[in-house]
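Going line by line, the protein sequences match chains A and B. In this text, residue positions in the first sequence follow our numbering: the first is 1, and each later residue adds one. In this text, residue positions in the second sequence follow our numbering: the first is 1, and each later residue adds one.
In case anyone wonders, no lab produced these hints; they're calculated from the structure. Hints should not be assumed to be uniformly reliable.
In silico lysine-lysine, DSBU-like type, Cα no more than 35 Å apart, as pairs [claimed, not checked]:
{"id": "1", "chain 1": "B", "residue 1": "Lys68", "chain 2": "A", "residue 2": "Lys13"}
{"id": "2", "chain 1": "A", "residue 1": "Lys57", "chain 2": "B", "residue 2": "Lys57"}
{"id": "3", "chain 1": "B", "residue 1": "Lys71", "chain 2": "B", "residue 2": "Lys94"}
{"id": "4", "chain 1": "B", "residue 1": "Lys42", "chain 2": "A", "residue 2": "Lys1"}
{"id": "5", "chain 1": "A", "residue 1": "Lys57", "chain 2": "B", "residue 2": "Lys37"}
{"id": "6", "chain 1": "B", "residue 1": "Lys57", "chain 2": "A", "residue 2": "Lys13"}
{"id": "7", "chain 1": "B", "residue 1": "Lys37", "chain 2": "B", "residue 2": "Lys68"}
{"id": "8", "chain 1": "A", "residue 1": "Lys1", "chain 2": "B", "residue 2": "Lys22"}
{"id": "9", "chain 1": "B", "residue 1": "Lys37", "chain 2": "B", "residue 2": "Lys71"}
{"id": "10", "chain 1": "B", "residue 1": "Lys42", "chain 2": "B", "residue 2": "Lys68"}
{"id": "11", "chain 1": "B", "residue 1": "Lys68", "chain 2": "B", "residue 2": "Lys57"}
{"id": "12", "chain 1": "B", "residue 1": "Lys57", "chain 2": "B", "residue 2": "Lys37"}
{"id": "13", "chain 1": "A", "residue 1": "Lys1", "chain 2": "B", "residue 2": "Lys37"}
{"id": "14", "chain 1": "B", "residue 1": "Lys57", "chain 2": "B", "residue 2": "Lys71"}
{"id": "15", "chain 1": "A", "residue 1": "Lys57", "chain 2": "B", "residue 2": "Lys22"}
{"id": "16", "chain 1": "B", "residue 1": "Lys58", "chain 2": "B", "residue 2": "Lys22"}
{"id": "17", "chain 1": "A", "residue 1": "Lys57", "chain 2": "A", "residue 2": "Lys1"}
{"id": "18", "chain 1": "B", "residue 1": "Lys71", "chain 2": "A", "residue 2": "Lys57"}
{"id": "19", "chain 1": "B", "residue 1": "Lys57", "chain 2": "B", "residue 2": "Lys94"}
{"id": "20", "chain 1": "B", "residue 1": "Lys22", "chain 2": "B", "residue 2": "Lys94"}
{"id": "21", "chain 1": "B", "residue 1": "Lys42", "chain 2": "B", "residue 2": "Lys22"}
{"id": "22", "chain 1": "B", "residue 1": "Lys71", "chain 2": "B", "residue 2": "Lys22"}
{"id": "23", "chain 1": "B", "residue 1": "Lys57", "chain 2": "A", "residue 2": "Lys1"}
{"id": "24", "chain 1": "A", "residue 1": "Lys13", "chain 2": "B", "residue 2": "Lys42"}
{"id": "25", "chain 1": "B", "residue 1": "Lys94", "chain 2": "B", "residue 2": "Lys68"}
{"id": "26", "chain 1": "B", "residue 1": "Lys42", "chain 2": "A", "residue 2": "Lys57"}
{"id": "27", "chain 1": "B", "residue 1": "Lys68", "chain 2": "B", "residue 2": "Lys22"}
{"id": "28", "chain 1": "B", "residue 1": "Lys58", "chain 2": "B", "residue 2": "Lys42"}
{"id": "29", "chain 1": "B", "residue 1": "Lys58", "chain 2": "A", "residue 2": "Lys13"}
{"id": "30", "chain 1": "B", "residue 1": "Lys68", "chain 2": "B", "residue 2": "Lys58"}
{"id": "31", "chain 1": "B", "residue 1": "Lys57", "chain 2": "B", "residue 2": "Lys42"}
{"id": "32", "chain 1": "B", "residue 1": "Lys94", "chain 2": "B", "residue 2": "Lys58"}
{"id": "33", "chain 1": "A", "residue 1": "Lys1", "chain 2": "B", "residue 2": "Lys94"}
{"id": "34", "chain 1": "B", "residue 1": "Lys57", "chain 2": "B", "residue 2": "Lys22"}
{"id": "35", "chain 1": "B", "residue 1": "Lys68", "chain 2": "A", "residue 2": "Lys57"}
{"id": "36", "chain 1": "A", "residue 1": "Lys57", "chain 2": "A", "residue 2": "Lys13"}
{"id": "37", "chain 1": "B", "residue 1": "Lys37", "chain 2": "A", "residue 2": "Lys13"}
Incomplete in silico selection of chain A near chain B, CB under 8 Å [what the hints assert, rightly or not]:
{"id": "38", "residue": "Gly28"}
{"id": "39", "residue": "His29"}
{"id": "40", "residue": "Ser31"}
Note that the Cβ used here is the ideal one computed from N, Cα and C, for glycine as well.
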Amino acid sequence: KAGVTQTPRYLIKTRGQQVTLSCSPISGHRSVSWYQQTPGQGLQFLFEYFSETQRNKGNFPGRFSGRQFSNSRSEMNVSTLELGDSALYLCASSSLAGTGELFFGEGSRLTVL
Amino acid sequence: GENVEQHPSTLSVQEGDSAVIKCTYSDSASNYFPWYKQELGKRPQLIIDIRSNVGEKKDQRIAVTLNKTAKHFSLHITETQPEDSAVYFCAASKENTGNQFYFGTGTSLTVIP
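Using the sequences and the hints given, assemble the complete structure.
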């Protein structure tokens, strides 16, 4: 079974630009969640999608948005990038509707200059 | 919302010694507590978890204990080996919140050969 795949793996943007990150979950997993990982802050929850519906949203500004498609693939978008958005963005999928094991992708490392 | 605190942030032990990482949580409704291991440059992976109806769980050299009254849980690694060197994250979640997890800030464990 293929694991969680995230693209792109690395990207560099400048302030004010926008970025779209993609995540393909493990086949059969309907839950996809996104986390921001920064040094010293650990993993901070962005949002979770289940069957194309956003179920939960973390404490991030509206510049961060996401969506999920009918094949469970998910995208997250960050508009009007700020220097502080530089981070590793991790996508995780789960086979359970709640409190289940998260299977993480390798992440998309975003650098904002 | 939930707040998970993790200590220590760094930990160095001699090979063969034990390592203990502690986490506290604030929301008494949290009932699922996983631990993830992230090796350098790799994705986080679940190593052990515990649910609130259990006080302790073991898997070979790894154990997790939970004290619901005090709202803290701990990861114990015995007979540490160099391959245990990684960053460990604790997390908390609760039913009816999907796969929304609150993570600690991580503990960087170094096992010295």
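Hint by hint, here is what the structure shows:
In summary, the hint linking B/Lys68 to A/Lys13 is not supported, as the alpha carbons are separated by about 45 Å, beyond the 35 Å threshold. Between A/Lys57 and B/Lys57 the CA atoms are separated by roughly 31 Å; this keeps the pair inside 35 Å, and the hint holds. A hinted pair counts as satisfied when its Cα atoms are at most 35 Å apart, and B/Lys71 with B/Lys94 qualifies at roughly 13 Å. Restraint check: the Cα-Cα separation between B/Lys42 and A/Lys1 comes to about 18 Å, which is no more than 35 Å; the hinted pair holds.
A C-alpha spacing of about 24 Å is found between A/Lys57 and B/Lys37, which places the hinted pair at or below 35 Å, so the restraint holds. Between B/Lys57 and A/Lys13 the CA atoms are separated by roughly 45 Å; this puts the pair beyond 35 Å, and the hint is violated. Between B/Lys37 and B/Lys68 the alpha-carbon distance is near 23 Å, which keeps this suggested pair within the 35 Å criterion. The straight-line distance between the Cα atoms of A/Lys1 and B/Lys22 is roughly 34 Å, inside the 35 Å bound, and the hint therefore holds.
Using a Cα cut-off of 35 Å, the hinted pair B/Lys37 and B/Lys71 holds, with the two alpha carbons roughly 22 Å apart. A distance of roughly 32 Å separates the Cα atoms of B/Lys42 and B/Lys68; the hinted pair therefore holds under the 35 Å criterion. Taking the CA atoms of B/Lys68 and B/Lys57, the gap is near 14 Å; set against the 35 Å cutoff, the hint holds. Taking the CA atoms of B/Lys57 and B/Lys37, the gap is near 17 Å; set against the 35 Å cutoff, the hint holds.
A distance of roughly 21 Å separates the Cα atoms of A/Lys1 and B/Lys37; the hinted pair therefore holds under the 35 Å criterion. Distance hint between B/Lys57 and B/Lys71 is fulfilled; the C-alpha atoms sit about 16 Å from each other, no more than 35 Å. Proximity of A/Lys57 to B/Lys22 is assessed by CA-CA distance (about 27 Å); at most 35 Å being required, the pair is judged to hold. Simply put, B/Lys58 and B/Lys22 have alpha-carbon atoms about 16 Å apart, close enough for the 35 Å limit, and the pair holds.
Between A/Lys57 and A/Lys1 the CA atoms are separated by roughly 29 Å; this keeps the pair inside 35 Å, and the hint holds. A threshold of 35 Å between alpha carbons decides the hint, and for B/Lys71 with A/Lys57 the separation of about 24 Å falls inside it, so the pair holds. For the proposed pair B/Lys57 and B/Lys94, the alpha carbon gap of about 19 Å is at most 35 Å, so the pair holds. With a C-alpha separation of about 19 Å, the suggested pairing of B/Lys22 with B/Lys94 holds against the 35 Å cut-off.
Between B/Lys42 and B/Lys22 the CA atoms are separated by roughly 23 Å; this keeps the pair inside 35 Å, and the hint holds. Simply put, B/Lys71 and B/Lys22 have alpha-carbon atoms about 11 Å apart, close enough for the 35 Å limit, and the pair holds. A threshold of 35 Å between alpha carbons decides the hint, and for B/Lys57 with A/Lys1 the separation of about 28 Å falls inside it, so the pair holds. In summary, the hint linking A/Lys13 to B/Lys42 is supported, as the alpha carbons are separated by about 23 Å, within the 35 Å threshold.
Among the hinted pairs, B/Lys94 with B/Lys68 is consistent with the structure: their alpha-carbon atoms are about 13 Å apart, no more than 35 Å. Distance check on the hinted pair: B/Lys42 and A/Lys57 sit about 25 Å apart at the alpha-carbon level, within 35 Å; holds. Between the alpha carbons of B/Lys68 and B/Lys22 the distance comes to roughly 14 Å, so the proposed pair stays at or under 35 Å and holds. For the given pair, B/Lys58 sits about 24 Å from B/Lys42 by alpha-carbon distance, which is consistent with the 35 Å threshold.
About 45 Å separates the Cα atoms of B/Lys58 and A/Lys13, which puts this hinted pair outside 35 Å; it is violated. In summary, the hint linking B/Lys68 to B/Lys58 is supported, as the alpha carbons are separated by about 18 Å, within the 35 Å threshold. For the hint linking B/Lys57 to B/Lys42, the alpha-carbon distance of about 26 Å falls within 35 Å, and the restraint holds. Under the criterion of a C-alpha separation no larger than 35 Å, the hint pairing B/Lys94 with B/Lys58 is consistent with the structure, at around 22 Å.
Among the hinted pairs, A/Lys1 with B/Lys94 is consistent with the structure: their alpha-carbon atoms are about 28 Å apart, no more than 35 Å. Distance check on the hinted pair: B/Lys57 and B/Lys22 sit about 15 Å apart at the alpha-carbon level, within 35 Å; holds. Distance check on the hinted pair: B/Lys68 and A/Lys57 sit about 26 Å apart at the alpha-carbon level, within 35 Å; holds. The hinted pair formed by A/Lys57 and A/Lys13 meets the criterion: a straight-line CA distance of about 25 Å does not exceed 35 Å.
At most 35 Å may separate the alpha-carbon atoms for a hinted pair to count; B/Lys37 and A/Lys13 meet this at roughly 30 Å. The interface hint given for A/Gly28 is violated, since its Cβ lies 15 Å from the closest Cβ of chain B, which is over the 8 Å cut-off. Hint status for A/His29: violated, given a least beta-carbon distance of 10 Å to chain B, over 8 Å. Hint status for A/Ser31 relative to chain B: holds, with the closest Cβ pair at about 5 Å, below 8 Å.
Of the numbered hints listed earlier, those contradicted by the structure are 1, 6, 29, 38 and 39.
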